[in-house]
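*Asks:* So the protein lines, in turn, are chains A and B.
So the number in my numbering is just where the residue sits in the first sequence, counting from 1, plus 1217.
So the number in my numbering is just where the residue sits in the second sequence, counting from 1, plus 206.
There's no promise every hint is true.
What the hints assert, rightly or not - The list that follows gives simulated cross-link-like pairs (lysine to aspartate or glutamate, DMTMM-like), each with its CA atoms no further than 20 Å apart:
1) A:K1573 / B:D321
2) A:K1284 / A:E1266
3) A:K1673 / B:E314
4) A:K1593 / A:D1518
5) A:K1522 / A:D1596
6) A:K1593 / A:E1562
7) A:K1573 / A:E1702
8) A:K1443 / B:E277
9) A:K1378 / A:E1243
10) A:K1573 / B:E314
11) A:K1443 / B:D321
12) A:K1673 / A:D1655
13) A:K1560 / A:E1702
14) A:K1522 / A:E1552
15) A:K1595 / A:D1639
16) A:K1443 / A:E1606
17) A:K1593 / A:D1655
18) A:K1573 / B:D323
Claimed, not checked - Cβ-Cβ distance ranges computed for the label pairs, FRET-style:
19) B:Q276 / A:K1658: 37 to 47 Å
20) A:H1325 / B:E265: 19 to 29 Å
21) A:E1286 / B:S317: 55 to 65 Å
22) A:G1778 / B:Q276: 50 to 60 Å
23) A:R1604 / B:E265: 37 to 47 Å
24) B:S317 / A:E1577: 32 to 42 Å
25) A:G1374 / B:R331: 51 to 61 Å
26) A:E1442 / B:D323: 18 to 28 Å
27) A:H1570 / B:Q276: 16 to 26 Å
28) A:M1755 / B:F333: 57 to 67 Å
29) B:R331 / A:G1713: 36 to 46 Å
Everything labelled a hint here was simulated from the structure, so no lab data went into it.
Given the structure is predicted, the values throughout are model-derived calculations rather than measurements.
Built from N, CA and C at the ideal position, the CB exists for glycine as well.
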Amino acid sequence: MAEPAYTVASDSENTEEEKSSSTFPEIAIGIDIGTSQCSVAVWNGSQVELLKNTRNQKMMRSYVTFKDEVPSGGVSNQLSHEHELLSGAAIFNMKRLIGRVDTDPVVHASRSLPFLVQTMDIGVRPFIAALVNNVWRSTTPEEALAIFLVELRAMAGIQLKRPVRNVVLTIPVSFGRFQLTRIERACAMAGLHVLRLMPEPTAVALLYAQQQQQTAHDNMGSGSEKIGLIFNMGAGYCDVAVTATAGGVSQIRALAGTTIGGEDLLQNMMHHLLPNAETLFSTHGISEIKAIGLLRVATQDAIHKLSFQASVQIDVDLGNGSKINKVLDRQEFEEVNKKVFEKCESLIIQCLHDAKIEVEDVNDVIAVGGCSYIPKVKDLVLNVCKRQELYKGMNPLEAAVSGAALEGAVASGISDPFGNLDLLTIQVTPLAIGIRADGGKFVPIIARNTTMPARKEMTFTTVHDNQTEALIIVYEGEGQQNAEENHLLGYFKIVGIPSAPKGVPEISVCLDIDASNVLRVYASAKHRGPHQKAMPSMEVRMPTVDDGHGWCAEALHRAYGSTSDLVTVQKKI
Amino acid sequence: MISTASFPAPKVVSQFQGNHSPNSRTGIGFRGRISVSASRASTVERAGSRIASTSSLYEVLGIRMGATCQEIKTAYRRLARVVHPDVAVANGQRGGQASADEFMKIHEAYSTLSDPDRRADYDRRLFGQQWAATSGFSGGRPRTWETDQCW
Chain A
1218 MAEPAYTVAS DSENTEEEKS SSTFPEIAIG IDIGTSQCSV AVWNGSQVEL LKNTRNQKMM
1278 RSYVTFKDEV PSGGVSNQLS HEHELLSGAA IFNMKRLIGR VDTDPVVHAS RSLPFLVQTM
1338 DIGVRPFIAA LVNNVWRSTT PEEALAIFLV ELRAMAGIQL KRPVRNVVLT IPVSFGRFQL
1398 TRIERACAMA GLHVLRLMPE PTAVALLYAQ QQQQTAHDNM GSGSEKIGLI FNMGAGYCDV
1458 AVTATAGGVS QIRALAGTTI GGEDLLQNMM HHLLPNAETL FSTHGISEIK AIGLLRVATQ
1518 DAIHKLSFQA SVQIDVDLGN GSKINKVLDR QEFEEVNKKV FEKCESLIIQ CLHDAKIEVE
1578 DVNDVIAVGG CSYIPKVKDL VLNVCKRQEL YKGMNPLEAA VSGAALEGAV ASGISDPFGN
1638 LDLLTIQVTP LAIGIRADGG KFVPIIARNT TMPARKEMTF TTVHDNQTEA LIIVYEGEGQ
1698 QNAEENHLLG YFKIVGIPSA PKGVPEISVC LDIDASNVLR VYASAKHRGP HQKAMPSMEV
1758 RMPTVDDGHG WCAEALHRAY GSTSDLVTVQ KKI
Chain B
207 MISTASFPAP KVVSQFQGNH SPNSRTGIGF RGRISVSASR ASTVERAGSR IASTSSLYEV
267 LGIRMGATCQ EIKTAYRRLA RVVHPDVAVA NGQRGGQASA DEFMKIHEAY STLSDPDRRA
327 DYDRRLFGQQ WAATSGFSGG RPRTWETDQC W
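Just chain B, same shape as in the assembly:
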């Protein structure tokens, strides 16, 4: 058992996340969370926050998986009123970059979940991943599209 093993998490958490959702990667555990706080000093205070890179988009918005479109919009607006840089910086809560990062994450979650096609796509992958993780099947790899087509 190496005591410091949890800290230098793999640098797969790219600083500039593209369109791929965080869940397309393997390893839902806490390792990813730590890698976020370690890779950017400015976000250290958010290490314990709900918005870690590996939480699901639903968790990012703080809603349940079956949330309606209305609930998604409401949650997005509620969060925007707190974390948007215009608000957060004016209230002196945190620096512009930290709140910009947080807002971008929330917006990404919102834009995926508010688009029915992208949401369906995301749900399939999320379900596949959780199923694989709980059954200990194929090392937590998401299902391939061939098997996804079956149901």
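Isolated chain A (complex conformation):
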């Protein structure tokens, strides 16, 4: 079985480190790479501790600048951020761009960032570049993230006085497996080994489970089951989880997530404040970048202020003849972003529905992430959940990274004499996984919100007489009917199916997600009748697609048409 190349990445530096730290188990650190901010935490032997940079900050802006020969990340040099943002030398929002092709609407929306995001709309990675000495220096979200992670790793190593290698990272619920491989690659480039990739709200759920267990201990209670609803909205993504917890076991009942966040609120407001913003964004000259940067900083500042005051005065000179002088109030802000807030509401409703939990049965409603400070966001969460108040006892900005640090300690095999690490998370699949069949449709084999590890099998058959080949095209997604609306994970073909009339051969496709969240696809033609001829079968680890995967589906269709299609076999009841 072919291992993707990124997992074998190692360097001499690491082997030396491993030797020196082999005497005691290394505690994996937790990293929350946010679209906007990043934080690192570690179990210090008795509790979770957030690490601070040299400027004494726990939250570090996630960005990288390409000013000189050596690019530098935003872990320590916070002061120059704003200036570099205006010069086009800073790359940020890596988490929104990573693992996406240039036909993705999220990439299209990113063209308004003050650096270069160019799309050709052909299904390949977008052209992303920073302006360095008037020349575009191309980069990738993986590279930028890796540069940032190298700095984080160095910072953590200095503070912990030991080399850092193992990490638990939090990721958005809506991330597909291809995106996860990109995150893993960035980590490998930074010399980090990923122990777990945890959907953000499940990290929060783990922290909640620990807090509930602590409370049960203190009260000498039996620790009855608590249902928690976790709403996590940051700059890039909005995620919801419903968890049932008792005795330190956090059982995730359902997950829901989408690419919507503070960045969308910001972009909507920028378009609202400057109606002809699109023309400004479409050209990327030095003065335009500066104007975009100025508008961005002013708008972001206004949105932040609106969380604590009813209205805000915006005065900004974009330097190209256009000035904005305006009083913005909350009502206007909420009206402009109505659709974003509606989407948040529907995500909560969907997650409760998928978890088969009535809102009345929820014990605690937890809202975390940067956007949870926005009054409208708090209100909508409380409204949908029919509550008067949110769960207290968690710092909205530190909850996810704290959960990741707990998982890091648990996964490293650390135990705590007071039982504070007697924790287990039972995860579910955030997206459905299936194959293309029934004439271009997505046929889920493992449904969304299936408990992991999981193994499911389905039987298919041929669509043509004497069809000897079958294309197995694996997709992952929220279950849209049309296969191509989901994320392509990979494809292979089964050859040597014995000639038979259509509908007769039985092709079994089995998907297996193991304990490490590795997905394998087994496909085989089944024996029918007494003959014992060897039947074709294949086992493939997914994903297999590379950066140009946007091409693949179309190219496959052109090359094969429906000649190697499959249809589902109707189950006899």
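Given the structure of chain A, go ahead and fit chain B onto it with the hints provided.
*Replies:* Frame of chain A, contents of chain B only:
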């Protein structure tokens, strides 16, 4: 009497069990148990374990048939804390695949028994099967839905 008859049990125990419960098959005896251990080398050490493919879902969770919903949840969590791959592999008890298989079985039992409709359905089939087995009626076949409707 063929001395090796007990070993090559019928390969009806599919490697990838679907949604059908193990009890929908015939033959509650030990033959099924052996077929599980024989079909997958990695699970040999579990041959004597409580979780054989033909034990009832209640036996899988180690609870009595009339267990309350709370007892089912508690039993599931208790078992998860031992067999879940995250725990079992970290403690070096066994390989990931063996514990993943075991956890999937426990989860399947839990998800059936924690859903009132599916549990009622399962109980009917289980009762029918045991009744048939003890009375020696119809070769241990589960009752058909028509007769099940009567009571």
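*Asks:* Is it true that the CA of A:K1673 sits at most 20 Å from the CA of B:E314?
*Replies:* holds, 12 Å
*Asks:* Are A:K1378 and A:E1243 close enough, with their CA atoms no more than 20 Å apart?
*Replies:* holds, 12 Å
*Asks:* Given the hinted pair A:K1443 and B:E277, is their alpha-carbon gap at most 20 Å?
*Replies:* holds, 15 Å
*Asks:* Is the straight-line distance between the alpha-carbon of A:K1522 and that of A:E1552 20 Å or less?
*Replies:* holds, 17 Å
*Asks:* Please work out if A:K1573 and B:E314 have their alpha carbons no farther apart than 20 Å.
*Replies:* Roughly 17 Å separates the two Cα atoms, so the pair holds.
*Asks:* Holds or violated: the 19 to 29 Å window for the beta-carbon distance between A:H1325 and B:E265?
*Replies:* violated, 56 Å
*Asks:* Are the Cα atoms of A:K1443 and B:D321 separated by 20 Å or less?
*Replies:* At roughly 18 Å apart (the allowed maximum being 20 Å), B:D321 and A:K1443 satisfy the hint.
*Asks:* Kindly confirm whether 37 to 47 Å is satisfied by the beta carbon distance between A:R1604 and B:E265.
*Replies:* Holds, at about 41 Å.
*Asks:* If you draw a straight line from the CA of A:K1593 to the CA of A:D1655, is it 20 Å or shorter?
*Replies:* violated, 44 Å
*Asks:* Range first: 32 to 42 Å. Now tell me if the beta carbons of B:S317 and A:E1577 are that far apart.
*Replies:* Since the Cβ atoms of B:S317 and A:E1577 sit about 23 Å apart, the hinted range of 32 to 42 Å is violated.
*Asks:* For A:E1442 and B:D323, compare the CB-CB distance with the range 18 to 28 Å and indicate the outcome.
*Replies:* Given about 21 Å between the Cβ atoms, the range holds.
*Asks:* Does the Cβ distance between A:G1778 and B:Q276 fall inside 50 to 60 Å?
*Replies:* With a Cβ separation near 56 Å, A:G1778 and B:Q276 satisfy 50 to 60 Å, so the hint holds.
Hints 2, 7, 15, 17, 20, 24 and 28 from the list above are not met by this structure, while the remaining hints are.
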